[in-house]
Amino acid sequence: MAVISYIQAVNAAMREEMEKDEKVFILGEDVGEKGGVFKATEGLYQEFGEERVLDTPLAESAIAGVGIGAAMYGMKPVAEMQFADFIMPAVNQIISEAAKTRYRSNNDWTCPITIRAPYGGGIHGALYHSQSVESLFSHVPGLKIVMPSTPYDVKGLLKSAIQDEDPVLFFEHKRAYRLVKGEVPDEEYTLPIGKADIKKEGEDITVISYGLCLHFAMEAAEKLEDEGISTHILDLRTVYPLDQEAIIEAASKTGKVLLVTEDNKEGSLMGEVSAIIAEHCLFDLDAPVQRLAGPEVPAMPYAPTMEKYFMMNPEKIEKAIRELAQF
Amino acid sequence: MAVISYIQAVNAAMREEMEKDEKVFILGEDVGEKGGVFKATEGLYQEFGEERVLDTPLAESAIAGVGIGAAMYGMKPVAEMQFADFIMPAVNQIISEAAKTRYRSNNDWTCPITIRAPYGGGIHGALYHSQSVESLFSHVPGLKIVMPSTPYDVKGLLKSAIQDEDPVLFFEHKRAYRLVKGEVPDEEYTLPIGKADIKKEGEDITVISYGLCLHFAMEAAEKLEDEGISTHILDLRTVYPLDQEAIIEAASKTGKVLLVTEDNKEGSLMGEVSAIIAEHCLFDLDAPVQRLAGPEVPAMPYAPTMEKYFMMNPEKIEKAIRELAQF
Amino acid sequence: MTSKRHEELGLSDEQVLSMYEMMLLARKIDERMWLLNRAGKIPFVVSCQGQEAAQVGAAMALNTKEDYLLPYYRDIGLVLGFGMSATDLMMQGFARAEDPNSGGRQMPGHFGQKKNRIVSGSSPVTTQLPHAAGIALAAKMEKKNFVTLVSFGEGSSNQGDFHEGANFAGVHNLPVIFLCENNKYAISVPIEKQLACDKVSDRAIGYGMPGYTVDGNDPLAVYEAVKNASDRCKNGEGPTLIETVSYRLTPHSSDDDDSSYRSKEEVEEEKKKDSIHTFSKYLKEMNVLTEEKENEMLDKIRQIVDEATEAAENAPYADPESSLKYVYADKDGEV
Amino acid sequence: MTSKRHEELGLSDEQVLSMYEMMLLARKIDERMWLLNRAGKIPFVVSCQGQEAAQVGAAMALNTKEDYLLPYYRDIGLVLGFGMSATDLMMQGFARAEDPNSGGRQMPGHFGQKKNRIVSGSSPVTTQLPHAAGIALAAKMEKKNFVTLVSFGEGSSNQGDFHEGANFAGVHNLPVIFLCENNKYAISVPIEKQLACDKVSDRAIGYGMPGYTVDGNDPLAVYEAVKNASDRCKNGEGPTLIETVSYRLTPHSSDDDDSSYRSKEEVEEEKKKDSIHTFSKYLKEMNVLTEEKENEMLDKIRQIVDEATEAAENAPYADPESSLKYVYADKDGEV
Ligand SMILES: Cc1ncc(C[n+]2csc(CCOP(=O)(O)OP(=O)(O)O)c2C)c(N)n1
Ligand SMILES: Cc1ncc(C[n+]2csc(CCOP(=O)(O)OP(=O)(O)O)c2C)c(N)n1
Ligand SMILES: [Mg+2]
Ligand SMILES: [Mg+2]
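Heads up: the protein sequence lines correspond to chains A, B, C and D, in order. For what it's worth, our numbering labels the leading residue of the first sequence as 1, then goes sequentially. For what it's worth, our numbering labels the leading residue of the second sequence as 1001, then goes sequentially. For what it's worth, our numbering labels the leading residue of the third sequence as 2001, then goes sequentially. For what it's worth, our numbering labels the leading residue of the fourth sequence as 3001, then goes sequentially.
It cannot be assumed that every hint is accurate.
To be verified - Output of the computed footprint for chain D on chain A, the stretches with three or more beta carbons under 8 Å from beta carbons of chain D:
| hint | stretch |
| --- | --- |
| 1 | 24-32 |
| 2 | 85-95 |
| 3 | 124-135 |
| 4 | 250-258 |
| 5 | 287-299 |
Worth flagging that the hints you see were computed from the coordinates, not collected in a lab. Where is the CB? At the ideal position from N, CA and C, for every residue including glycine.
Here chain A stands alone, though its shape is the one from the complex (with noise of 0.2 Å):
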């Protein structure tokens, strides 16, 4: 087991698949010579050339309308979106295009594209280079959306996600890239996509999130086990079909349930997640279901006072695991 960061895990799988699969092939802005602005697929260019790294024009709706033709083809695009920001003069591409190819056509067409994008903020990334875009999608029967918080998630998700034979939404936390670090097989594995996963089992208080906020979680739980709160941390990692059972299971287990995101509030899809306890696990709940999230206001502001007041932190978490215990 090799310790990698965060980006290395993303980076590895995209190298595997490309050397395993020669219809995988990567697409964005920068991804090529410069090797990404993240370098994210840093090297793949040297290693592949430029004919399956390749540097698009400045224009979303193509790299994701080429990739979805590519796709239709029969190929294995990787599109890079250099922020989750930007992916938005792609939407129609995705939602009209990419989502319902398969189901318009009644199973003769297909379309296996991965979307990669690096979301969320803590970076000084301001109003366009902070946002989450995830809400946007996690609606659109046709696509799945991948979220993963560890190295080890982000290797084996990914790689199944170039696999899978229908579009993938793929968004990293551009935080996590290099501050996440983690174990990961020296063998080959893939993990599955649609399956949350326990990253921490307790009794008290049932936690669910996702991504960074996941390891800010993470955090607030150790704190708070000395105070003999015992916290129960599910991961979702696929944020798009949610994996009810898994869901329901948590926020039964200990019948008080906080729901983490980065996000702003109202929309998100932690309002669904919410919806899904309170259709399920009414009478388990010993508390109303808590939601934690970010202030209703467009975006992320630049300046440091106001990104430290939007941004979800391990306190703001502790704060309220605490009070939910108390409740």
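Starting from the structure of chain A, add chains B, C and D with the ligands where the hints point.
Just chains B, C and D with the ligands, lined up with the frame of chain A:
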């Protein structure tokens, strides 16, 4: 009081606002000489001239984007998306620009645009002329989303939307256009954006819905009245930001809540409504919050067999209310 | 049309006859759809009328056994050329389970049939242009020598995806043909309100590709332009933009009333150029076609359309529950 | 540069001196930002270096008291021309509450200042082009005679919004100037991988507007082109596309390392054409500028930049809770 149709209310609201305020103008595909593919802008081109009722090139990002520019300058554009399904190419302009203009400029610039679009199914429109797209936007601070059910609400709320100092998405159910008729005062009036409306008082079951489904719920409720089931019906009207107070009050009143949307279920804005109830009314609930919605498929199929299977109707609601009553 | 233009293009008499026959078949299928619509049997029609020459001319210039086609909703002539049958077309008109395009899920005119390399399309216009670039990119990567043709209206050439798709194809020098079927209207909006350039093909230079405008009522002119573009593709010379100018002879669709935005006179004037008549005239002048042969053709086509209609009319809809199928691969067949 | 070109353009010696001074000011502000960034005082810089001539030349050709500007992130020269101060710019560099662009909410380079008609912009590139068309449409509707100038990079000219915005302006014959600042790279991607046409201005014909490519290192050439375009606007002749060709002399931003994708030699070669030197040389050859005057200018600018830096460095951040403000009109001031 005159009885007019839903689409006549749309038309009348625009006409009145254009008469009152020279800064109001309309732009969109086929809105001019033809008067719109649904005739929502009928007669306006003839009355106000081609400078205030602009047929645009077939390009939704420009329709939104040009409207946004004009709004930033100080005009009051009313942009039409021919079908809500075709708002997708304009998502970047709506989410990145319209929604964030005031916030990003620290209140220096504003964007008072109204974007109208016909949504919804049941008209043999198939996958791309039947979608409900509200959940795509019902998570974006800076936007307001209005989805009225009656001609009275349409007229009062569309006038408010046009007068509003911020961007408003105004979604009209296309099957309601000619199906739904109702009384509208002769004198001028507006209705407040952001306020839900009790459409029927009842004691046993609370139904929360909006748009065309509201009428289906009313029909179902009427039938059930004879069986002795009394239904309380709340019309959201503004689906973003939600009127939390009204939702909490309506849910608490009966303790048994059914949420109805034509949209598919997972990730729909009814998840948020359910989450609000779960957060605030847990101990007032006598049954799990139920959601009745479309199936988890990309969009509504064309063939009448399949369309009927997907589409909401009074019978489905009646059944769900009855089940909840028996819980 | 005095010299044997088709011979100069290397087309035999037989070939131009089958060209004409396919144009006629497209027209007759379309006309039948309108009848069925007016009789209340099918809820929606969107027409090829006025564009048959462009569509069939283009199809005949391609290798319909290898090339890829991304058509738009009017392209009955193109999909017939690529192997879709009259029965297939009627099945989609009636939204039957056997519709090979979508099993009745999509509206008529949303073509797609993998076995014939007709790539599934949607309703939002112009999304197919980047797809075509993607398929052509795959061809290049896989060192396959097929051509990809994508078609669209002149109104649709104003969408961002036109620009992004054409630019991508230009930069990567891809074997793709952009066929703009200019019929002078986008629903009610006339071309002057859609674009300010003289010709849609003026846009080609902006993508580093040649652009040609040809008479869309002349199947031979279209054949020639597409043939040359296809040769360019195969020689690694990259994409071409071709604009075919004709006229939409019907309302936009069965839901449209065109009298509110254009005059009867204008339509009548344009009908004089209708390729069905002008090409028939040419063939007769060239002694390739006779009145008698033409009537035989019409009889044959009537029979084909009758049989297709009957088959489709009697075919079942898909099961309601089947609408739950094929959202994802792993749900195939699950209901 | 031997005849008095600026006189031929109707520019006085004083005017070209202030042109040069504004170019220098832009450069010096930019250089200071880099120093502050390297010293860890500001987290991010995105530069105008190499584009000052184009920006200042354009600004001087406009009526900066009436016209509207939709700049992009490199346009220090343009926003200075429209009245933004060095202190304003430093306030945004430091993300202070007093930043007139956004109160510290946006990253540096996201300009917007209503009192100077500098229209607020975002990060997703090219969205400002349709906005510019919208403002120009409003001008036309309100019968105002101002001009709207919108700028963007050559990479950004490949976005759908370029096409849709330019087309709208073309169809409605709007008084807008599209200024493409071609600096040969979009981050790491060289122009050959961005577009296949020879010149970005080749795209103009596709929108029925004239297109010009001028030397972006020559402020007089840019002045002339923009002046002519502005005259066209005012005469009701519609939009113009102008491409200014220069070079990005710095890495893309403070987060970029350009050595991974371009050679030092290439950059050195381009530096020889740096307008700050070539225009200084021209002015000296014309006896408009002397070594002494230039040093005075530099001293004055240094002082301005020092004072701006100090003011900004000592200014406070916005309150954390103020991030809740200004989502909607009715929430103004509420926290
Ligand atoms: C993105 C999008 N916007 C709007 C529509 C509605 N619509 C369908 S066809 C059409 C006109 C298309 O005109 P053109 O491209 O010239 O093709 P034509 O119908 O004339 O062949 C419009 C506006 C759509 N299908 N997609
Ligand atoms: C829609 C969108 N996609 C990607 C980016 C990231 N990005 C910022 S600047 C840039 C390159 C812009 O190149 P160009 O338009 O040539 O302007 P330049 O920076 O060279 O002046 C990219 C890709 C963005 N800001 N917006
Ligand atoms: Mg047309
Ligand atoms: Mg550039």
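Would you say the stretch 250-258 of chain A counts as covered by chain D, given the rule of at least 3 residues with C-beta under 8 Å?
violated (count 0)
Are there three or more residues in the stretch 85-95 of chain A whose C-beta lies within less than 8 Å of some C-beta in chain D?
holds (count 4)
Are there three or more residues in the stretch 24-32 of chain A whose C-beta lies within less than 8 Å of some C-beta in chain D?
holds (count 3)
8 Å C-beta test of the stretch 124-135 of chain A against chain D, three or more residues
holds (count 6)
Quick one: see if chain D covers the stretch 287-299 of chain A, three-plus residues with Cβ-Cβ under 8 Å.
Answer holds; 4 residues pass the 8 Å Cβ test.
Hint 4 from the earlier list is the only one contradicted by this structure; the remaining hints agree with it.
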